[in-house]
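Novice: Protein chains in written order, with the numbering used here: chain A, 1 to 448; chain B, 1 to 448; chain C, 1 to 448; chain D, 1 to 448.
Think of the hints as simulated: they come from the structure by calculation, not from any bench.
Intra- or inter-copy, both count: the list cannot distinguish identical chains.
16 Å max Cα-Cα, derived EDC-like pairs, lysine to aspartate or glutamate:
{"id": "1", "residue 1": "K146", "residue 2": "E362"}
{"id": "2", "residue 1": "K13", "residue 2": "E395"}
{"id": "3", "residue 1": "K223", "residue 2": "E131"}
{"id": "4", "residue 1": "K178", "residue 2": "D242"}
Protein chains: 4
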Amino acid sequence: MTNKLWGGRFKKKIDPQFFQFQKSIDYDYLLAEYDIYHSLIHVIALNKSEILTDSECDRLLKALCEILKEVQTGGFKPNNSAEDIHSDIQQRVDKKIGKLSDKLHTLRSRNDQIAFDVKWFCFSSAVMVLEGLSSLIESFSVLSDKYPKSFMVGYTHLQRAQVVTFSNYLCAYSEMFKRDCLRLDNYVKSLTASIGSGALAGSAIDKKCYAQALKELLGKFSKDSLNVGPVLNSMDNVASRDFVVQFLSYLAIIQMNISRFSEDAILYSSKEFNFFDLPEEFCTGSSLMPHKKNPDFFELARGYSGPVYGNLVSILTTMKALPLTYNRDMQLDKQPLFSSFEIVRDEIAILSRLVPGITLKEDNINRALLDEMLYATELAEYLVSCGVAFKDAHEAIGKLIRYSQDKKIQIKDLSDEVLTKFHNKLVKKEIIKIFSPEWAVRSKKSLP
Amino acid sequence: MTNKLWGGRFKKKIDPQFFQFQKSIDYDYLLAEYDIYHSLIHVIALNKSEILTDSECDRLLKALCEILKEVQTGGFKPNNSAEDIHSDIQQRVDKKIGKLSDKLHTLRSRNDQIAFDVKWFCFSSAVMVLEGLSSLIESFSVLSDKYPKSFMVGYTHLQRAQVVTFSNYLCAYSEMFKRDCLRLDNYVKSLTASIGSGALAGSAIDKKCYAQALKELLGKFSKDSLNVGPVLNSMDNVASRDFVVQFLSYLAIIQMNISRFSEDAILYSSKEFNFFDLPEEFCTGSSLMPHKKNPDFFELARGYSGPVYGNLVSILTTMKALPLTYNRDMQLDKQPLFSSFEIVRDEIAILSRLVPGITLKEDNINRALLDEMLYATELAEYLVSCGVAFKDAHEAIGKLIRYSQDKKIQIKDLSDEVLTKFHNKLVKKEIIKIFSPEWAVRSKKSLP
Amino acid sequence: MTNKLWGGRFKKKIDPQFFQFQKSIDYDYLLAEYDIYHSLIHVIALNKSEILTDSECDRLLKALCEILKEVQTGGFKPNNSAEDIHSDIQQRVDKKIGKLSDKLHTLRSRNDQIAFDVKWFCFSSAVMVLEGLSSLIESFSVLSDKYPKSFMVGYTHLQRAQVVTFSNYLCAYSEMFKRDCLRLDNYVKSLTASIGSGALAGSAIDKKCYAQALKELLGKFSKDSLNVGPVLNSMDNVASRDFVVQFLSYLAIIQMNISRFSEDAILYSSKEFNFFDLPEEFCTGSSLMPHKKNPDFFELARGYSGPVYGNLVSILTTMKALPLTYNRDMQLDKQPLFSSFEIVRDEIAILSRLVPGITLKEDNINRALLDEMLYATELAEYLVSCGVAFKDAHEAIGKLIRYSQDKKIQIKDLSDEVLTKFHNKLVKKEIIKIFSPEWAVRSKKSLP
Amino acid sequence: MTNKLWGGRFKKKIDPQFFQFQKSIDYDYLLAEYDIYHSLIHVIALNKSEILTDSECDRLLKALCEILKEVQTGGFKPNNSAEDIHSDIQQRVDKKIGKLSDKLHTLRSRNDQIAFDVKWFCFSSAVMVLEGLSSLIESFSVLSDKYPKSFMVGYTHLQRAQVVTFSNYLCAYSEMFKRDCLRLDNYVKSLTASIGSGALAGSAIDKKCYAQALKELLGKFSKDSLNVGPVLNSMDNVASRDFVVQFLSYLAIIQMNISRFSEDAILYSSKEFNFFDLPEEFCTGSSLMPHKKNPDFFELARGYSGPVYGNLVSILTTMKALPLTYNRDMQLDKQPLFSSFEIVRDEIAILSRLVPGITLKEDNINRALLDEMLYATELAEYLVSCGVAFKDAHEAIGKLIRYSQDKKIQIKDLSDEVLTKFHNKLVKKEIIKIFSPEWAVRSKKSLP
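Generate coordinates for the entire structure from the input sequences, incorporating the hints supplied.
Specialist: Structure representation (C-alpha cells):
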C-alpha cells in the first residue's frame, strides 16, 4: 500500500478494508504480459519525445524485458500487497533500477493501459479458442471416420423422427463450431488497440513518437500480434468495453453449442438410449452407489452454461448507463472475461480428447432403426411420388400408423388388402423396400 | 383450429386452452413476407421436380404473390384462429384456389420454413438497424457542426477530469456506433439461409431443383436480398439459432451504447450540470408538479437496457442444452428477437431526430471550464517538460491542490513565492497560460 | 394526445413518434381495476379534507364505480390514443361528468398511483398463482392415487440409480411446489401498499383523511384485499420496485421447477424411456412426419424458462443504479411482470389438467426394474449389515459389477463359488431376495 | 487422486486434465464446517444403529472435532489434491485414526451431504447479511442525527422536484434495507435442512437414530443453529436448490438498493451537485491527474450489480430443465453463491463505516433550495386550498413558470399585477411565505 501511483492530494491513508475491496491484483495479474507491452511502447515513445534519455530508456527497457521473460516462462507470481498489475510491475522495475522507475508512468494513465491490456487479452484468448475449436472439429471428424457406414436415429422433440447417417449427425456440430470460428476470426481481424489516450483527453506525447515505437516493437511481442493503431478518439478508447461484451457473447454461443452436444451425449449414454459408451477416464462414480458411471464431464459442460451466460449478463449490467468516460465500475470487466474464457477453453480442450474415445453401440442403434415410425415420412413421400397430394398422403399414413399401433401389428406385416384400405397405392412390396435406413438416407436428394 | 397441417394419427382434438398456449400466430405473422418467399421457392422447385404441373405451379404462385403483395403493402391482417403463420398462409391459398393448396406443403417441413423465415427476418432487421445507425452518426455530426468551437468538461468517475472539445466528446459516441455498424455489416454479409432441410433429414426434392428455383427468384424479393445457399447440413439447419443470439447480442451492445449517451444526456440536462437544453417535444411533464420538464426519452432509452438484455438471456436460456434437432422450445426465439429489434430501431429513429435539436448551454460550460482542477494534469505535464520526473510532478501538484483547497485560494492567485514552495519550476506566468481550454486541448499531441 | 395530465409549461406539442414510444396504455390498462381503487380512496379523502363537496364526491364515485364495473365484467377496452391508464380513466370520467373530472387528480401524482397499482397487481397475481399451485399439487396427488403401488426408476446423472416408489417420485415435485406456495404466502402477507406519497414528498391531504377513506372502502374491493397502510416514507414508496423483483424471482423459481418436471416428462415420453403416455389433446403432430406425437406442452413449458428468467434480468437491469426517486425507466417494470405472471399462470393451469391424464406404462417400468444395477447399493448395504466396512463393501460390489458386465452374466446367475471371490458374505440366496423393488424400497428406514 | 470415494467398478484412472476440471476443493472448502456437522450427526446415528461401536464412534467424533476446531479457528487449509471437501475431510480423518475412517461414509451419499452443507452455508450467510444490514441501517441513522434540521433537494427524473428533509431522504434507504431484512428473516426462519436422503432414495439408517443424534448435537454447533428436520422427500432433497436461488435473488435486491444509493452518492459528490463530501479514506486518486478524488467505493458498489445479477442468472440457468434427481451440473451452485455473498457482505460492511463519515455540504444545498421551481407544487396546492380545481391550478402555475423563465425574472419578484394575470388568487405575500423549505415540508400532512 505504500507505493500507490497516486496520492499527493490525499491527507488520509486509504482504509485497509476498502483497500482490499478495491484492489485488483488478485485477478488482473493475468494481464502482466500485455501491460509490459504497453510499457515497452510507452518508454520508447518517451525516448523519441526526448523525455527519457537513451540511457534511461535502455535501463527501463532492460528491466521490463526481464519481467516480461519471467511472465512468459511462467515464473511471475503477483505481489498480493500491490493495488493492481500496473503498480506491481512499477514496483518490480523500482526494485531493479531504483528511482528511475518513477518515470515509467510519465504522461500515462492507467485508463489507457488497461484498455490496451484487456483488448490484447481478448485478442490472445480468441486466438486460443480458435485453435481449440479447430482441434475439436478435427476430433469430430476422427469419430466420424471410426464409423463411416453407421446410421443414427434422428430426433425432433426428442421423439424418433427419421434416420440419418452418423456422420451427418456429427457434422451438424462441426458446422456449428465452424460458424463459431468464423465469428472469432472476424473478431480478431477487426480488433484494434491504440496507445496515447491519456486519462481521457489524449497526451502530450506526439503520435509520431508512438508510431515510431510501434514500428520498432510490433511483431516482436508474440506469435500472433494484435493490430495496434493510432488513437481515433481518446474518450471512446478509455470508456468502451464493447469488445469484451462481443467476445463474451461469442463464448456464450460456443457454450450453448457445447451444452447441446453435452445433452445429446448424456442422453445417448443413458441406459435407455444406450447409443454411446463414454471413455471411462472422463467419467466418475458414486460414493454410495457402487455401480455408477456418470457422464460428469458432459454434465459440467452443460451446467457451465450458467456461469458463461451469467458472465455476459455481468459485463452488460456493469456497463449499463455508465457516463463517459472511465468509471471504476469498469474494473469489473475482468473477472467475467477471465472466467468465461477459461471455462470454454478447458471444455474445448477436454472435449477434443474425449470425443474420439466415444464408442458407438451400433447394435443398439440398429435395433432402434427397426422402429417403423422412422420411415413414416418416406412412406408419405413414396405416395407423393405416385402423384398423391401431400396432405392426403400425410393423413393416410397417419391413420395407418394409428391402426398399426391400436392393433399392435407392424405395418410391414399388414396384408395388401388391409394396406389399400388406407390408400390404394400402398403395397407391401414397396413398404419393405422403403423401411430401411439405406433407402431412407439415399432418398434425401436435397443434401450435398 | 380445423385446418391444422398435421393430425392424421390423432384421435382426440387438441385441448382449446393448450391450443391458445402453443399457437404463435399472434407474433409470427411478422414473418409472413419471408414465409411466402420460402413457399415461392418451394413451389417452383416442386415444379422442376415434376411434382407440380406447370399449371398447378402457376396457380399456386399467383395466389402466393397476391398474398405477398398484401403483406408488402401493409394490408395483411393475421387470422388469429390459425395456429401459425404457415397455416394462416396455407388457408389463404386454400381460399383462393381450393384443394390445390393441399400441395403447398408437399415434402416440406415447418422446421425448414421457420429457420428460413427467422434468418431472413434477422437479415432485414439488421439492414434496417444499419441504416438507422448511419442516420444517427450523421445526426451527431450535425450537432457537432452547430458548435464547432465549443469545449466540454471531460469526466472520469463523474469527477471533472480534463477539458475536451465538444466535437471530440460527440465523436466518442460516433466511434461506438461505427463499430456497431461494422459488427452488423459483417453479420449481414456472413448470413446464409438454405432451403431443403425437410424436418431434419433433408428432402426428396433434388438440390438442383432448388438451385434452379433460387436462380429464377432471388433478387426479385426485396431491395436487399439475403444470400440463400445449398443446405450444408440439414440437422444443423433446423436445430440452430446461433444467428438469433448473435443478432440479439449486437443489439444489446447498441443498447448499452445508447444507455450511456442517455445517462450523459440526463446528467447534462439536470439543473446541476445544466449543459444541455433538450428539445421540448421529446420531454414530458408531471401531473402534480407544474414546473417539470423531464428527459423521458433518455430515461426510457436507458431503462430499455432491461428488456434488451433480458431478451438476450431469454434466447440463450431457451436454447441451453436442447438436444438435436428441432424442439418446440425454439418457437420462443421470436418474441425476444422482435422485441429487441423494435426497441432498438425506435430508439435510434427518435434519437436521430432528437440529437440535432439539443442546445448546448455554452455559458454554463464556460463557467465550469474556469475550474482550475481541470488543468492540474496539464500543469504536471508542464513540469515534466521542464525535466521533472512525472511521479514528482504528480505529487507536487497534488500538494499544491490540497493547499489551494484548504486555503480556498485559486492557484493562479498564488504568488510565485508560494508556488515555488511546491516546486521551483512553478511560476505564475506559466500557470495562467496553461489554465485555459485552448492550451489544454492544443497540448494533446497524441490525437489525430 | 389532447388530454394530457400535464403541459402548462410546454410551448411545443409532443413529437408524435416519441408519444408512441413513451405511452404505456397498450399494457398498463391491465392495472385499470387497481387504478380505480386508488381514485376511489383518493376522492373520499379529498372529501374528508373538504376539498371536494359531498355532491362532487358522490358524482366522482358514481362515475368511477361505473367504470370499475366495466373492468370487472370484462367490458373495458383501453383507449389506445390515451397516454396511460390514469389518463384513460380520467377521460372516461370526463365523458361521464364533464369538468368535475378535472378535480380527480387534485393533489395527487401518478408516481403514487402507479406504485399502488403495481403493488396491487402483484398481490392479486400472487394470490392467483397460489391458487393455481394448490390445484397443481392436488393434480399430482390424483396421478399418484392412480398408481398407488407402482415403482419408478430413480435417476442421478440421468443414470439408473435406485428404485423408488412412483408416489415418492411425484411427491418430490409436490414438495417443491409447496415451498413455492410458502414463499408466495409470505409474500402476500408482508406486502403493504400505501397512498399519499404525492410525487415524492407527500401531499397536503391529512393522513387521517386517508385513514378514514380506507376504513370505509377496504374489504369492498375484491375477495382478497391487499393490506393498505399509512405512508412510511414517501420517497421510498414512489422509488422502489423491490416487490416486483421479489415476485419475478419467485415466478422464476416456479418456472425452474416446472422446467424440471417438463424435462422428466419429455424424457419419460420418449420411445427410449417409454414410461409415460401423454394425453393426446396436449400434444401436436408434424406437418411432414405423419407418425409424430410430440410433447409440445412440456417443450414450451421448458422453453419458457427463457422469457421468465429474462424478465427477471429485465427488471433488475432497469432498476440498477437509478437515483432517487421516480425515474421514467420504471415504467418498464410492467411488461416483464405481466409476461412472467401470464406464462406461469397458464403453465400451471394446463399442467393441472394434463398431469392426471398421464398414463404410466407400468410394463416398461417393470422391465427396467429388472436391471440389477438398481440394487447395487442395497447389496452394499447388506454387506454393511454383516459388519463390513462400507468402503470395502463399495469396492467389492464395484468389482462384482465389473465382472458381471465383462462376462455378460447377471449377478443373480452367478454361483456362490464365484460370488464369494468378491466377498465371503455374498450368497446367491440373499442376492435374490435383495434384488427386488419391494425389498429395496422397504429397506429405506430413514424416510417418513 | 488416490483416495477417491468411488472407483471399484472403474478400470482406468481418471484423466488428469478432467480431474482438474471437475474437482471442487478450490471453492467448496468453504463448506468444511457444515460438512463436519453432517459427519458428526451421521457418526452418532451409525452408532445408534449399531453399525459403529461406541469406541469407533468416539474415535471418529474426536478426529472430526479436532478438524472442526481447526476450521473454526481459521487454521484449516484445503488440500488442493483432494477432489472435494468430503474427500479432503475423510483423508484428514484417515491420517488421524487410520482405516476406521473407511467407515465414515457408511450408508451415506455426497448428494445428501452437499445439500445439507450448502443449506447451512446459506443459513449462516443470511444471518451474517442480516447483522450487516442492521449496522447499515444504524449508520444511516447516525448520519441523519448529524444533520437533524437539514433539508435536501428531492429529485424525480433527476430533475429538481420538491424539497424534503435530509432525514426523510436517508430514511428512504433505511426502509429499503428494512424490507431486505424482513425477507432474509423469513428466509432463515423457513429454511430446514435434513439428513438421511442417501443418494436419492433414502438410507437404511432408521430415522429415529438420526433424530437421537440431532437431539444430542444441535445447539452445540454454532451460535445460530439452522433447523434440521426429518427428510420429507429424499429425491426432492438431493435435487433441489431453490433455496440458493432464493438467497441469490434477495442478495440481488440488496445489491440493487446499494447500487441506487451509490448512484446518488456519486452524483452528490460530483462538483456539479456538490452536496456530499466523501471521507477521503474511501476514495482513490488518479495516476495521471493529480487533482482527482474519485468515489471509487460507490462506483465499485454500483458496478458489482453486474456479478451479483450475473450470479443469479448463473444458478437459474444451471438448474434449468435438470431431470431428477442430482446431476453433476449442480456442483456449479457454489461459486455464484459464494461470490454474491462475499460481494454484498463486504459492501455492507464498508458502507456501514463510510456512511457516518459523509459530510453534508449544507451551504450548497441551501443555495439549491433557493430554486423557485422546487415550490411550484406547493404553489398549486395553495391555489387548490383557495378552491381552484387542481387541473386549472396546475396549468396556471405552468404558464407562470414559463413566463418567469422567458423573462428571466424570479416569481417572487413579480408584482401582484402580473401575478393575477395567471390567477387572481396569486399574491406576492403568499408566494414569499410558500417559497421556503420549512413551509414546503410542513405542508405534507400525509406523512407520519
